[in-house]
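Asks: Below, each chain spelled out in residue letters.
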Amino acid sequence: MEFTIGQIAQLLNGTVVGDAAGVIHSAAKIEEGQPGCISFLSNPKYESYLYTTQSTAVLVDQGFKPRTETSTTLIHVENAYLAFTRLLEEYQKITNHSRRGIEHPSFLGESSTVGADGYRGAFSYVGRQCHIGDRVSIYPQAYIGDNVRIGDDTVIHPGVRIYDNTVIGAHCVIFANSVIGSDGFGFAPQPDGNYKTIPQLGNVVIEDHVSIGSNATIDCATMGSTIIRAGVKIDNLVQIAHNVEIGKNTVVAAQTGISGSTKIGEQCVIAGQVGIAGHLSLANRTKVGAQSGVGKNIRKEGLSLSGSPAYDLNAHLRALAVVRNLPELEKRLTILEKQRIQAPSQ
Amino acid sequence: MEFTIGQIAQLLNGTVVGDAAGVIHSAAKIEEGQPGCISFLSNPKYESYLYTTQSTAVLVDQGFKPRTETSTTLIHVENAYLAFTRLLEEYQKITNHSRRGIEHPSFLGESSTVGADGYRGAFSYVGRQCHIGDRVSIYPQAYIGDNVRIGDDTVIHPGVRIYDNTVIGAHCVIFANSVIGSDGFGFAPQPDGNYKTIPQLGNVVIEDHVSIGSNATIDCATMGSTIIRAGVKIDNLVQIAHNVEIGKNTVVAAQTGISGSTKIGEQCVIAGQVGIAGHLSLANRTKVGAQSGVGKNIRKEGLSLSGSPAYDLNAHLRALAVVRNLPELEKRLTILEKQRIQAPSQ
Amino acid sequence: MEFTIGQIAQLLNGTVVGDAAGVIHSAAKIEEGQPGCISFLSNPKYESYLYTTQSTAVLVDQGFKPRTETSTTLIHVENAYLAFTRLLEEYQKITNHSRRGIEHPSFLGESSTVGADGYRGAFSYVGRQCHIGDRVSIYPQAYIGDNVRIGDDTVIHPGVRIYDNTVIGAHCVIFANSVIGSDGFGFAPQPDGNYKTIPQLGNVVIEDHVSIGSNATIDCATMGSTIIRAGVKIDNLVQIAHNVEIGKNTVVAAQTGISGSTKIGEQCVIAGQVGIAGHLSLANRTKVGAQSGVGKNIRKEGLSLSGSPAYDLNAHLRALAVVRNLPELEKRLTILEKQRIQAPSQ
Numbered sequence: 364m365e366f367t368i369g370q371i372a373q374l375l376n377g378t379v380v381g382d383a384a385g386v387i388h389s390a391a392k393i394e395e396g397q398p399g400c401i402s403f404l405s406n407p408k409y410e411s412y413l414y415t416t417q418s419t420a421v422l423v424d425q426g427f428k429p430r431t432e433t434s435t436t437l438i439h440v441e442n443a444y445l446a447f448t449r450l451l452e453e454y455q456k457i458t459n460h461s462r463r464g465i466e467h468p469s470f471l472g473e474s475s476t477v478g479a480d481g482y483r484g485a486f487s488y489v490g491r492q493c494h495i496g497d498r499v500s501i502y503p504q505a506y507i508g509d510n511v512r513i514g515d516d517t518v519i520h521p522g523v524r525i526y527d528n529t530v531i532g533a534h535c536v537i538f539a540n541s542v543i544g545s546d547g548f549g550f551a552p553q554p555d556g557n558y559k560t561i562p563q564l565g566n567v568v569i570e571d572h573v574s575i576g577s578n579a580t581i582d583c584a585t586m587g588s589t590i591i592r593a594g595v596k597i598d599n600l601v602q603i604a605h606n607v608e609i610g611k612n613t614v615v616a617a618q619t620g621i622s623g624s625t626k627i628g629e630q631c632v633i634a635g636q637v638g639i640a641g642h643l644s645l646a647n648r649t650k651v652g653a654q655s656g657v658g659k660n661i662r663k664e665g666l667s668l669s670g671s672p673a674y675d676l677n678a679h680l681r682a683l684a685v686v687r688n689l690p691e692l693e694k695r696l697t698i699l700e701k702q703r704i705q706a707p708s709q
Numbered sequence: 364m365e366f367t368i369g370q371i372a373q374l375l376n377g378t379v380v381g382d383a384a385g386v387i388h389s390a391a392k393i394e395e396g397q398p399g400c401i402s403f404l405s406n407p408k409y410e411s412y413l414y415t416t417q418s419t420a421v422l423v424d425q426g427f428k429p430r431t432e433t434s435t436t437l438i439h440v441e442n443a444y445l446a447f448t449r450l451l452e453e454y455q456k457i458t459n460h461s462r463r464g465i466e467h468p469s470f471l472g473e474s475s476t477v478g479a480d481g482y483r484g485a486f487s488y489v490g491r492q493c494h495i496g497d498r499v500s501i502y503p504q505a506y507i508g509d510n511v512r513i514g515d516d517t518v519i520h521p522g523v524r525i526y527d528n529t530v531i532g533a534h535c536v537i538f539a540n541s542v543i544g545s546d547g548f549g550f551a552p553q554p555d556g557n558y559k560t561i562p563q564l565g566n567v568v569i570e571d572h573v574s575i576g577s578n579a580t581i582d583c584a585t586m587g588s589t590i591i592r593a594g595v596k597i598d599n600l601v602q603i604a605h606n607v608e609i610g611k612n613t614v615v616a617a618q619t620g621i622s623g624s625t626k627i628g629e630q631c632v633i634a635g636q637v638g639i640a641g642h643l644s645l646a647n648r649t650k651v652g653a654q655s656g657v658g659k660n661i662r663k664e665g666l667s668l669s670g671s672p673a674y675d676l677n678a679h680l681r682a683l684a685v686v687r688n689l690p691e692l693e694k695r696l697t698i699l700e701k702q703r704i705q706a707p708s709q
Numbered sequence: 364m365e366f367t368i369g370q371i372a373q374l375l376n377g378t379v380v381g382d383a384a385g386v387i388h389s390a391a392k393i394e395e396g397q398p399g400c401i402s403f404l405s406n407p408k409y410e411s412y413l414y415t416t417q418s419t420a421v422l423v424d425q426g427f428k429p430r431t432e433t434s435t436t437l438i439h440v441e442n443a444y445l446a447f448t449r450l451l452e453e454y455q456k457i458t459n460h461s462r463r464g465i466e467h468p469s470f471l472g473e474s475s476t477v478g479a480d481g482y483r484g485a486f487s488y489v490g491r492q493c494h495i496g497d498r499v500s501i502y503p504q505a506y507i508g509d510n511v512r513i514g515d516d517t518v519i520h521p522g523v524r525i526y527d528n529t530v531i532g533a534h535c536v537i538f539a540n541s542v543i544g545s546d547g548f549g550f551a552p553q554p555d556g557n558y559k560t561i562p563q564l565g566n567v568v569i570e571d572h573v574s575i576g577s578n579a580t581i582d583c584a585t586m587g588s589t590i591i592r593a594g595v596k597i598d599n600l601v602q603i604a605h606n607v608e609i610g611k612n613t614v615v616a617a618q619t620g621i622s623g624s625t626k627i628g629e630q631c632v633i634a635g636q637v638g639i640a641g642h643l644s645l646a647n648r649t650k651v652g653a654q655s656g657v658g659k660n661i662r663k664e665g666l667s668l669s670g671s672p673a674y675d676l677n678a679h680l681r682a683l684a685v686v687r688n689l690p691e692l693e694k695r696l697t698i699l700e701k702q703r704i705q706a707p708s709q
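Chains as they are written, first to last, in my numbering: chain U, 364 to 709; chain S, 364 to 709; chain E, 364 to 709.
Hints were generated in silico from the structure; no laboratory data involved. Only a predicted model underlies this, so the values are computations on that prediction, with no experimental measurement involved. Take the hints with a grain of salt, since some may be wrong.
Any copy will do: because identical chains look the same in the list, a pair fits if it lies in one copy or spans two.
[Stated by the list, open to error] Pairs of lysine to aspartate or glutamate residues, derived as DMTMM-like cross-links and limited to a Cα-Cα distance of at most 20 Å, are as follows:
no., residue 1, residue 2
1, 659, 432
2, 611, 571
3, 701, 691
4, 392, 608
5, 392, 452
6, 650, 453
7, 650, 394
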């Protein structure tokens, strides 16, 4: 698909400086651009690429003035980054001939209802008493158990497993092979050393506009619900245990694990490979650095934590700086001790 | 489903203090109870909830005496926690209309035998020369390779992949999308920098009453068997490498990884996100704290370890306390050094 | 299948010391050998097992001289370890009656081409406009999206999910339930606290001879390609984010995560549970120890790193040794301080 620079400028409400007739067929980072590509410049750190890029056009902020002439054509827009994102979305809409209809064979259990204009791929499975909304895509080989509810416009990717009684909102996306609602990890030790399985009778509730990456796992509640609030974004290979609640718009990066019954506030940012112990509360807007381990309640909002166990980010960075110098510090201590011993007056 | 308090007391061999005619339709934690719910009180820490809970009935231990009157009805039983667990089990039995029979299409290879009263879901695949026991459930889209043996009453959830030659005992549960028996990670470096794949000819053997969470991976042995002993409980996203052996009733929490050829003893408790290096032995009843990294053999039984690299839990906690104060400690050292330099007599 | 020791010696170009007529039917480690097994001795640390092993034959290096008589038959070869590996490969070739043909039902989209002599298992799905090479195995329940290219002799295991536009080379292996090409984790924060999804328009390119373990995830690029170069070996449960590039013959162990846009050099060795931050470069032959966290560029080739944050391995080990002694070190400091205070002359 091809567009002229002029067409793109019109779409984005921008002003062209240069040849508006140039033809664009692809998008690229400014440092990787090729003829026919459009790029954007937002962060001043990357400005030097503007003078060397091979991209045919570059989106820049309204007030931006190049230090020198450019061979690429500039399109001035209010916010170059947002305009670029919007362009990608428009492009995606045009090229994304999303799937519709039913491929065969696929399985639909008794008493289940499926809304209009959706997709059910080959080898997909929808159990009994399910209510699936309009325009829902259920990709091939996905599994949906019994008594599951899924809201409008949600996309279930290939190989996702959704257990009985799960409730999923509208406009959600669950990527391939994630598992929603399998049993919480609960076992009662017996006097003979064996463990007895504690029945897991609850479910998972996922609100609207939630995104869940690939190969993630969200366990059902022992009783009640594991709850993922609206707008939460969960990355690949994340583990969310039974009875966890994750607040609105919180972001959880890859390979993080959240233990049973912990409540995470709204607008938190949890980096990758973090571990959070069970039965804790984290206040709104808490930020947790990568590979940290949170072991206590965080009651004050907006804190940045780091370390395992995690505490204040800045205090942790100061301590880490000394840790590296510990062998040196020990030497200094030993010198002092020797001086003390050698001091004859004492 | 509804029961009276009297019916429940009879089932649990308990004594009612209050209105035995109250109606129960659900179970809840004591702090989250609603009218119509039954809860339990076992840990004295939670006693205050007894006086505020909205649950209609609460199970308490035989000798328990409330500090003040309660609006909820008490049921005295020998052990409130165990009675509650039993109640949930009974409830689960009644509500769990477990699946039976064969859904179509499903695949069954030549020379495979499947026992009585089981379930094979749509799009499930059972290879050749398999022996599947009685009352085994194989959920939709599960894959079982060739020459696999599965014992009675085992449940294979949707999307589980079981490679050729795997042996699984009776009363096991493997949750969705776990992979049992894929190749161990073995490559021999060649002089030209390439790696040559080392053939992985062994299998995985899983004994009785083992539970494996979702999206876990257990590799086959290079030669011989990777072995999971009876009663082991493995959580979601756990990695178990080739030739590992995990002893009876050991518990492994989510996202932990165990490297090749390591032997874990019986009744161990390995917390979440732990890493254990290869070719090690851990003695029986070893406890490893979350995010720890075990890098050496643990020969003494019953030790508690923590840290990366892991060592004695208490020693590690003492060291961590000092780590936080390191910037302060360095200041103290610097003061001493300055005093030394300023001391004119030396 | 059975062979005589003489047949094996002939295959491996070896010399028999003992009974060449002995019959071998299996392979085992020297310390676990049983009658009928063949083992090898390469590392001198294991020599004592040579005198107690029950294996019928043992491969040893050409010049090797036993300290005492052995009951097992020795086969002298140029390199015992390589000879053993070769033997396993030959054995695997003979016993591996690899699958061929098409099982039903399976799905093949319009305008897709599939080469000769391959395998497509039951419930496998191949989308539209795909080009699948010769002798490619697509196991049951695997999913291949639209416009995917797969080179000759590649094996796609059960439940693997390959998204649209992915390019995979020849002689690759992708183990069960791994996900290739799902969306990168990119969201733009909005003024109202919600996140807007950034369209992910790129793909994944995997070159020849790449091996990817089970339940791993490799995200597509935002624009351009996430690239896995020839000969790379990736273990189970590894996360590779959008726009990452991994250099030739680099090895990545289980549960490691590599964040967006990071470039890893050639011949690197990344151990298990490592985290690598985004937008970094790691030079060729970098080695990163287990559970480390890499947070900065590594420009010099061949360094060994450890710790979180990671730095020079040896410096880290020296610092760790002091960390353990920190409580002791603090005591020494306190003693010095007290002495100072008590010293009347100062």
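Asks: Work down the list of hints and note, for each, if the structure agrees.
Replies: Evaluation of the provided hints:
| no. | hint | in the structure |
| --- | --- | --- |
| 1 | 659 to 432 | neither (56 Å within a copy, 34 Å between copies) |
| 2 | 611 to 571 | within (10 Å within a copy, 42 Å between copies) |
| 3 | 701 to 691 | both (15 Å within a copy, 17 Å between copies) |
| 4 | 392 to 608 | between (37 Å within a copy, 15 Å between copies) |
| 5 | 392 to 452 | within (16 Å within a copy, 45 Å between copies) |
| 6 | 650 to 453 | neither (33 Å within a copy, 43 Å between copies) |
| 7 | 650 to 394 | neither (31 Å within a copy, 28 Å between copies) |
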